[in-house]
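Engineer: Sequence:
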Amino acid sequence: MDSPAVRTCFGEIGFWSERTPVHEAASSGQVEKLQLLVESGASVNVATVDNMTPLHDACIQDHAECVRVLLNAGAQVDVRTIHGSTPLCHACAAGSVQSVRLLLEHGASVNPSLTALTASPLHEACIRGNPECVKLIISKGALLEAFDIHFGTPLHSACAKAHLECALQLLNAGARVNATKFHETALHHAARAGRTDLIELLVEFGGDINVRDNMGRKPIDYTAPGSPSHISLQRYESCPLSLQQLSRITLRRVLGTRALQVITQLDISQRIISYLCYN
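In the working numbering, the protein residues as written are 1 to 279.
Just so you know, the hints here were simulated from the structure itself, not pulled from any lab data.
Only a predicted model underlies this, so the values are computations on that prediction, with no experimental measurement involved.
All residues carry an ideal CB built from backbone N, CA and C; glycine is no exception.
You may find that some hints are simply not true.
Have a look at the derived ranges for each label pair, beta carbon to beta carbon [claimed, not checked]:
#1 L251 to H83: 36 to 44 Å
#2 E237 to G84: 39 to 47 Å
#3 Q244 to D221: 26 to 34 Å
#4 E165 to L255: 19 to 27 Å
#5 S40 to K161: 40 to 48 Å
#6 K161 to T264: 23 to 31 Å
#7 P225 to E32: 54 to 62 Å
#8 A42 to S113: 26 to 34 Å
#9 S40 to G84: 28 to 36 Å
Work the whole structure out from these sequences, hints included.
Structural biologist: What follows is the structure, encoded as structure tokens:
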């Protein structure tokens, strides 16, 4: 029997302990060994001193079959580490679409409360740059404006990490293009990253090229003179968007998260629908 100094009960989570064979099997993707441990009665909810469970390990290492074994054996789906991360946060950080699906099927919370030390699953998917994870999480009701103290919104995260497809998924779902963190917008991040394609995408969705951050700087101020991103922003400054473009932005802003659903049902030509949907 383990001594009290080594293992003590901690509510329904299981036991605080050092890493166990279950942790090691889950972390290394040893599915058969993990299954044998489970069948022999090993706890799947045993936690290390930082409250890492085998499910956390399997998710962060992208071992979906281990995730399946643990969930089927009763692993707690929303248990949090001492930093506040859930297994779903870890699965999104690893870009593991299969693990994300398994967790959601077992009732994982898509919007766990944020802490000072962790981001939401949607933030993690955007940081990782996996548009399929982003799309899946959004379809399950992820909050588009969830606010992380480090990056800001998920759109900020996607643009800071220069992930164009993730940014497109967010914008098409209705994310606010001019949301701010200390007056800084996603366009500031795109300009800082030097990504012309991101800059053009954000402006086409209504990104404000003249907004100033808390340093009093516009997006163009974060670009190198003569660089493609600088030239792109200069062009938008000298050539304002057309009435056609402004009309699309206004319609999308009014419809918000319902935009794609409503637009595709309008009794108008497919060509106009495609334009309004940025296809």
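Engineer: Give a verdict on every hint.
Structural biologist: A quick look at each hint next to the structure:
Between L251 and H83 the beta carbons are some 41 Å apart, a value that agrees with the proposed interval 36 to 44 Å. The given range of 39 to 47 Å is respected by E237 and G84, whose C-beta atoms sit roughly 42 Å from each other. Roughly 29 Å separates the CB atoms of Q244 and D221, a value that falls within the hinted 26 to 34 Å. At about 22 Å, the CB distance of E165 to L255 agrees with the hint of 19 to 27 Å.
S40 and K161 have their C-beta atoms about 42 Å apart, which keeps the hinted 40 to 48 Å range intact. A hinted range of 23 to 31 Å for the beta carbons of K161 and T264 is consistent with their spacing of about 30 Å. The beta-carbon spacing between P225 and E32, approximately 60 Å, falls within the hinted interval of 54 to 62 Å. Roughly 30 Å separates the CB atoms of A42 and S113, a value that falls within the hinted 26 to 34 Å.
S40 and G84 have their C-beta atoms about 32 Å apart, which keeps the hinted 28 to 36 Å range intact.
Comparing the model with each numbered hint stated earlier shows that all of them hold.
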